[in-house]
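Peer 1: In case you want the letters, here they are:
There are 2 protein chains.
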Amino acid sequence: MIPLSEIREQLDEIDSQIVRLYEKRMELCAEVGLTKIASGKKVYDKEREMQKLATLSQMASNEFNQRGITELYEQLMAMSRKLQYQILTEHGVIGKTAFIGIDSLDKKGARLVFQGVEGAYSQAALHSYFGEECDSFHVQTFRDAMETLEDGLADYAVLPIENSSAGAVSQVYDLLVEFENHIVGEIVLPIRHMLAGLPGTKIEEIECVYSHPQGLMQSARFLDEHRNWQQISVANTAIAAQKVLKEQKKTQAAVCSEYAAKIHHLEILKEGINDNSNNSTRFIIVSNQKVYLKQAGKISICFEIPHESGSLYHILSHFIYNNLNMTKIESRPIEGRTWEYRFFVDFEGNLNDAAVKNAIRGIREEARNLKILGNY
Amino acid sequence: MIPLSEIREQLDEIDSQIVRLYEKRMELCAEVGLTKIASGKKVYDKEREMQKLATLSQMASNEFNQRGITELYEQLMAMSRKLQYQILTEHGVIGKTAFIGIDSLDKKGARLVFQGVEGAYSQAALHSYFGEECDSFHVQTFRDAMETLEDGLADYAVLPIENSSAGAVSQVYDLLVEFENHIVGEIVLPIRHMLAGLPGTKIEEIECVYSHPQGLMQSARFLDEHRNWQQISVANTAIAAQKVLKEQKKTQAAVCSEYAAKIHHLEILKEGINDNSNNSTRFIIVSNQKVYLKQAGKISICFEIPHESGSLYHILSHFIYNNLNMTKIESRPIEGRTWEYRFFVDFEGNLNDAAVKNAIRGIREEARNLKILGNY
Chain A
1 MIPLSEIREQ
11 LDEIDSQIVR
21 LYEKRMELCA
31 EVGLTKIASG
41 KKVYDKEREM
51 QKLATLSQMA
61 SNEFNQRGIT
71 ELYEQLMAMS
81 RKLQYQILTE
91 HGVIGKTAFI
101 GIDSLDKKGA
111 RLVFQGVEGA
121 YSQAALHSYF
131 GEECDSFHVQ
141 TFRDAMETLE
151 DGLADYAVLP
161 IENSSAGAVS
171 QVYDLLVEFE
181 NHIVGEIVLP
191 IRHMLAGLPG
201 TKIEEIECVY
211 SHPQGLMQSA
221 RFLDEHRNWQ
231 QISVANTAIA
241 AQKVLKEQKK
251 TQAAVCSEYA
261 AKIHHLEILK
271 EGINDNSNNS
281 TRFIIVSNQK
291 VYLKQAGKIS
301 ICFEIPHESG
311 SLYHILSHFI
321 YNNLNMTKIE
331 SRPIEGRTWE
341 YRFFVDFEGN
351 LNDAAVKNAI
361 RGIREEARNL
371 KILGNY
Chain B
1 MIPLSEIREQ
11 LDEIDSQIVR
21 LYEKRMELCA
31 EVGLTKIASG
41 KKVYDKEREM
51 QKLATLSQMA
61 SNEFNQRGIT
71 ELYEQLMAMS
81 RKLQYQILTE
91 HGVIGKTAFI
101 GIDSLDKKGA
111 RLVFQGVEGA
121 YSQAALHSYF
131 GEECDSFHVQ
141 TFRDAMETLE
151 DGLADYAVLP
161 IENSSAGAVS
171 QVYDLLVEFE
181 NHIVGEIVLP
191 IRHMLAGLPG
201 TKIEEIECVY
211 SHPQGLMQSA
221 RFLDEHRNWQ
231 QISVANTAIA
241 AQKVLKEQKK
251 TQAAVCSEYA
261 AKIHHLEILK
271 EGINDNSNNS
281 TRFIIVSNQK
291 VYLKQAGKIS
301 ICFEIPHESG
311 SLYHILSHFI
321 YNNLNMTKIE
331 SRPIEGRTWE
341 YRFFVDFEGN
351 LNDAAVKNAI
361 RGIREEARNL
371 KILGNY
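Chains as they are written, first to last, in the UniProt record's numbering: chain A, 1 to 376; chain B, 1 to 376.
Incorrect hints may have been included.
Intra- or inter-copy, both count: the list cannot distinguish identical chains.
[What the hints assert, rightly or not] Below 25 Å or equal to it, Euclidean Cα-Cα: the simulated SDA-like pairs (lysine to any residue) are:
id, residue 1, residue 2
1, K298, F343
2, K290, K328
3, K24, M59
4, K298, W339
5, K41, E74
6, K328, Y376
7, K270, G336
Hint data in this document are derived by calculation from the structure and do not stem from the laboratory.
Here the structure is a predicted model, which is why all the values come from computation and not from measurement.
For reference, chain A alone in the conformation it holds in the complex:
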């Protein structure tokens, strides 16, 4: 057997040769980029890449290496494309993005919509993003808010997308796919739930409790101590408070914010009943215009995956090979197609980055119905 130290010397020698060849290869790919500027040819030539992969993998002497060479060259060719997009950008040949770059959101005089009633957490998020003096109104459902935007009756909608304890607000994810509205901003709001009832209500009297399903889920531990209470879902935590006021029964209570309890004249029976004391919700700012902030650093996209073995693996490789940092992956079932999923991915970047263009181009080629939800 060859001693380990000797094998390692040989490995080091091979590796320095590979590095030299890699550098030479990248130089040549830069040259290819320049010829493409002159000829107006596309950077991504799928057919040529497939041919190259087939030729190279056939050169390998066993199956393990055939697969290895294929994987290696998928990565090498992704790098070459990224370099070429960079060169194109440096030479001013910038692919026009469908999104229009703006310097800042037009907050002044904007009409704003949120879901719920006065006192909803969404309203608090809206105030904190647009200021207390803004011009806002509310609608009954998330869908209503999306339709209001689509009709141009509001400039921006403020919608909850994710809670730190309960997870994604799946309905809002689904509506982002259905409507041609786009995310232009986000804001995180701390959430603190109260148990609120009519003044003078005793906790022992309560028989049923109203809240948004997320409010109920986020207070599961407290509610588990009262298994005899009926848990009734309503569209919003502030609507729950309004309902308790309206029906005037001491057997009813709401899980809502301190502000919602106050404006609906309820007494706080128990403070901070959320399981997690660091509970917070992320809200998105949505517009019907296809715009993005020029300095934006986060992109949200969604895509569907064809029902084939290995497809998710291939699509995620576009993020990996382009060195793009995914901050979140969420999957949602696609309606009408059993066990097929739509993926929502958040990653760091700007639509004008070469690596982002490269990844999006590749994903568009392999996934179904890629949609850029926003860059903000």
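Since the structure of chain A is provided, determine the placement of chain B on it from the hints.
Peer 2: Quick look at chain B alone, frame taken from chain A:
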């Protein structure tokens, strides 16, 4: 400018050299594998790999190539490790997995537990997996089922994990992390919801409807036509049917299965009210023993991700570089740590595969609290 055809000739020449060097490198890595068998050394030597990456990337002449070389070698070294695990396995040096391989599940005489009451969809799943004649009993909550298993009062629990319309049953995901129970099987059951009430109930009379939150979500379109109905969440669709029978009010209805309606003597007021006619639910079979079927082809794991840029990207690269097909990714917030997630990944493979060992070893090194939920 050099003509494109000439550049391509040079590229082809470089590529055939890279392929030759790749093959030579793999041969040497196989030799390293053999010395490791003799010396009993670990395949994965993180420190050595980090040193190698630093040395090689310093050889590159610009930042783009430094990053490129690093990525390329992360992949190459993952391949080398995979090859070494293969060689170890071929030489009978098989890492002992913590899971004990079994040839088949001991279904005969097994005590089975499900959540809900008689007529629950879980009971139907249980019958379809273990046969109609099996010995089963029910408990009130998913947690109760997990505790029953932990105490050894049941051999297997049958729990819903995912619905094709409504998505993940997040509570069951969270319980899989909390308890030391393992997935040993799965079964998919078609789901068809009925609106059921006391005999003679008219749809116009209904004021409130009971179901499991998933039952309500899966019938959202039908229920949206009746916005005046209160939607009340209970622990199980069969409990909803039982409640309507017990309370004897024609203002109440349940969203439940045909079977649950039948055994609770309810009349079906409207058939198949689920939004999606292909609605189905995937159930898992859970055991308190750390066992796996020797011919198992699917692995479920979960892990937490440290709050650092690029960490998800790095962890997913272990699947990509080992050519492992992920079939599902689910993220859940980690309680008490805002915006940190626990990921649940399903992928194809067996705990004894070299690629699986390689990936799990790497993920364990980089993620926090890796847990293998089962191989089935």
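Peer 1: With identical chains, the pair K298 and W339 could be close in the same copy or across copies; at 25 Å between alpha carbons, which is it: within, between, both, or neither?
Peer 2: Answer is between: at 15 Å across copies they meet the 25 Å cutoff, but 29 Å inside does not.
Peer 1: Between copies, within a copy, both or neither: which fits K24 and M59 at Cα up to 25 Å?
Peer 2: both (21 Å within a copy, 13 Å between copies)
Peer 1: Given a CA cutoff of 25 Å, do K270 and G336 count as a within-copy pair, a between-copy pair, both, or neither?
Peer 2: between (43 Å within a copy, 21 Å between copies)
Peer 1: Can you give me the call for K41 and E74, within, between, both or neither, at a CA distance of at most 25 Å?
Peer 2: within (21 Å within a copy, 32 Å between copies)
Peer 1: I want to check one pair: K290 and K328. Are their C-alpha atoms no more than 25 Å apart within a copy, between two copies, both, or neither?
Peer 2: Within. Shortest intra-copy distance 22 Å satisfies the 25 Å Cα cut-off; inter-copy 31 Å does not.
Peer 1: Since the copies are identical, ignore which copy is meant and state whether K298 and F343 lie within 25 Å (CA to CA) inside a copy, between copies, both or neither.
Peer 2: Both ways: K298 and F343 sit 16 Å apart in one copy and 21 Å across, limit 25 Å.
Peer 1: Check K328 against Y376 for me: Cα-Cα at most 25 Å, and say if that holds within a copy, between copies, both or neither.
Peer 2: Within one copy only: 15 Å inside, 27 Å across.
Comparing the model with each earlier hint shows no violations; every hint is respected.
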